[in-house]
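Novice: Here is how the chains run, residue by residue.
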Amino acid sequence: MISAGTLHAISTELVVGMFVLSGFCFLLCMLDKGPEVKANVAHWALLGGLLATPAAIITGVLAAPGEGIENPLLANKLLLSMSAVGLAIGVLLRRRMGAEVDRLHSGMGMVSVGLILFTAGIGGEFARGETLIFFIPKETVFLFPIWVSAIILILGMVILGKSAIQHRG
Amino acid sequence: MVLLLLSSGISTANPGGEGDALRSMECGGSCHGDAGSSDISPSTISIIVDDEVWAGLFTTVSVVVEGVEPSSKRLVGVFLLTNENGAKDTPAHEGWTIVSDANGGTNNYVELEYPRDADSLTFTWILRAPDAPIEHNLLATVHHGSEDGGNAFQGQSETIVIDVWTPPENLARLAADWEPPAVRDIGEQTTISLETEDVTSFTAEYRIDGGEPVSLLVSDGSFTLPAAVNPGVVEWRAHLEGDGPDQTTVWFRIVAAEPAWEVDETALYLQAFALLFLFAGLVVMQRPSNGVDMKSYDHTNQVPAMDTVANSMYGGAAEIFTQPLQTHSGPPLPPSGLPAGWTMEQWQHYGQEHLDSILREGVQ
Numbered sequence: 001m002i003s004a005g006t007l008h009a010i011s012t013e014l015v016v017g018m019f020v021l022s023g024f025c026f027l028l029c030m031l032d033k034g035p036e037v038k039a040n041v042a043h044w045a046l047l048g049g050l051l052a053t054p055a056a057i058i059t060g061v062l063a064a065p066g067e068g069i070e071n072p073l074l075a076n077k078l079l080l081s082m083s084a085v086g087l088a089i090g091v092l093l094r095r096r097m098g099a100e101v102d103r104l105h106s107g108m109g110m111v112s113v114g115l116i117l118f119t120a121g122i123g124g125e126f127a128r129g130e131t132l133i134f135f136i137p138k139e140t141v142f143l144f145p146i147w148v149s150a151i152i153l154i155l156g157m158v159i160l161g162k163s164a165i166q167h168r169g
Numbered sequence: 001m002v003l004l005l006l007s008s009g010i011s012t013a014n015p016g017g018e019g020d021a022l023r024s025m026e027c028g029g030s031c032h033g034d035a036g037s038s039d040i041s042p043s044t045i046s047i048i049v050d051d052e053v054w055a056g057l058f059t060t061v062s063v064v065v066e067g068v069e070p071s072s073k074r075l076v077g078v079f080l081l082t083n084e085n086g087a088k089d090t091p092a093h094e095g096w097t098i099v100s101d102a103n104g105g106t107n108n109y110v111e112l113e114y115p116r117d118a119d120s121l122t123f124t125w126i127l128r129a130p131d132a133p134i135e136h137n138l139l140a141t142v143h144h145g146s147e148d149g150g151n152a153f154q155g156q157s158e159t160i161v162i163d164v165w166t167p168p169e170n171l172a173r174l175a176a177d178w179e180p181p182a183v184r185d186i187g188e189q190t191t192i193s194l195e196t197e198d199v200t201s202f203t204a205e206y207r208i209d210g211g212e213p214v215s216l217l218v219s220d221g222s223f224t225l226p227a228a229v230n231p232g233v234v235e236w237r238a239h240l241e242g243d244g245p246d247q248t249t250v251w252f253r254i255v256a257a258e259p260a261w262e263v264d265e266t267a268l269y270l271q272a273f274a275l276l277f278l279f280a281g282l283v284v285m286q287r288p289s290n291g292v293d294m295k296s297y298d299h300t301n302q303v304p305a306m307d308t309v310a311n312s313m314y315g316g317a318a319e320i321f322t323q324p325l326q327t328h329s330g331p332p333l334p335p336s337g338l339p340a341g342w343t344m345e346q347w348q349h350y351g352q353e354h355l356d357s358i359l360r361e362g363v364q
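Heads up: the sequence lines are chains G and H, in that order. 169 is the number that this note's numbering gives the last residue of the first sequence; the numbers go up by one with no jumps. 364 is the number that this note's numbering gives the last residue of the second sequence; the numbers go up by one with no jumps.
Because the hints were derived from the structure by calculation, they are not lab data. Don't take each hint at face value.
[Stated by the list, open to error] Here are the computed lysine to any residue pairs in the SDA-like style, where the Cα-Cα straight-line distance is at most 25 Å:
hint, chain 1, residue 1, chain 2, residue 2
1, G, 138, H, 272
2, G, 138, H, 265
3, H, 73, H, 150
4, H, 73, G, 132
5, G, 138, H, 357
Given only the sequences and the hints, what does the whole structure look like? Please build it.
Specialist: Right under this line is the structure:
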């Protein structure tokens, strides 16, 4: 039997490791340096990190003390990680649609990786009270009204759907 | 990231602490217990227990730590343990029940902030003693960092022996299954109803910061503690009277804390998914700059039929690949092409005759 905390540590290291590898390869793509395989490694590592993310989220929720989200750090962690996942999915879909790995594409991949690292930094602050990222919001959460979130959700779905249709056309 | 890593000092301690928890010493020993990465704390640790400890009843255990030079975050952690083995050493392993710790929880490892102007720091536990009236051991270990942020420090108290006695049969006491409240929110009064055994009447009093006790009005077996204005601890106790020996309970502690942070989780989860779809959509919306969907392994556009540049020598790919192939019924053209001034139509009709005449001239 392994505790949720240990499983969370394992899955988090998997996610962060893969995302960091991906971010490094995206950096090489942006600088146009390094081996030819860098673009492929960047995207496959991003996909690997993305697949491991749900396990990290679930074990994190199980390992957190108390019931539900009782800390602003946890709320910010959730928002940042979901934003990072969205960016990563977008980058992979865009590549799938045939986009070249130019500076814009690499930059978006690196932003996704940066958000995941930011999320991991918040985890350090929450679990151990210390992190390298000293400027993380500890008591502030930017929470939209439900109707705003609903509009954004619909907007995002419409954009995704429209892009998919344009691609097939 | 490299800049952040280089700008940070390295400490073998955990300056941010590990958080209160119910844990064995081996958990603390995994980092602070390693002789290679920690030093012996210069602090003095003493354990204070009540004079009489009755089996199954409440008692107070205080650990006083003096002479600590903690890290800049000034966190000091203390374990309350029953042996030095490092495992199976929590009070629960010997039958003790932690009713409340210094922070209002029920943990044997507790962290407190060491005040800058204080000479000592006291960690207080309210325990329910084991049912077995025998001798029990208790000890404490302290863990903290250092001012320069270097090594971790660990210190250990002497092991004390506590005699747990069988209480008198008709001793006025609190009910065996009654548990005192340990935490409350700031600005909130607390009404406590005592459940007792062999008690005919009781009085109650409270105090703040070890000050003079203030009597409380008891009505129908209940009394109300005034609301706390600031975070802190209020202590209260009761004098129980009955047909048998009277008893004054321990000073129970109730910690006042800021109300827990709350959030509309529906709104939070909805926003999280909204951000996911929005960012994914925004990224996908950035179409490839050349406007052509092309994969690195898709060479469909490079076949001659689509290559208007490479086939331009034939008059343009679009025409040459859409027109039917030109055929003629005359003889094959010589390597030098049509004779000067001839048309293809003339060649079809008189070409063979022209070739024959050339052949005859060559023979003669």
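Novice: Does each hint hold? Answer for all of them.
Specialist: Okay, the hints, checked on the actual structure:
1. Under the criterion of a C-alpha separation no larger than 25 Å, the hint pairing residue 138 of chain G with residue 272 of chain H is consistent with the structure, at around 18 Å.
2. Only pairs whose Cα atoms come within 25 Å are accepted, and residue 138 of chain G paired with residue 265 of chain H is accepted, the gap being roughly 18 Å.
3. Proximity of residue 73 of chain H to residue 150 of chain H is assessed by CA-CA distance (about 13 Å); at most 25 Å being required, the pair is judged to hold.
4. Distance check on the hinted pair: residue 73 of chain H and residue 132 of chain G sit about 15 Å apart at the alpha-carbon level, within 25 Å; holds.
5. At most 25 Å may separate the alpha-carbon atoms for a hinted pair to count; residue 138 of chain G and residue 357 of chain H exceed this at roughly 103 Å.
In terms of the numbered hints stated before, the structure departs from hint 5 and from no other.
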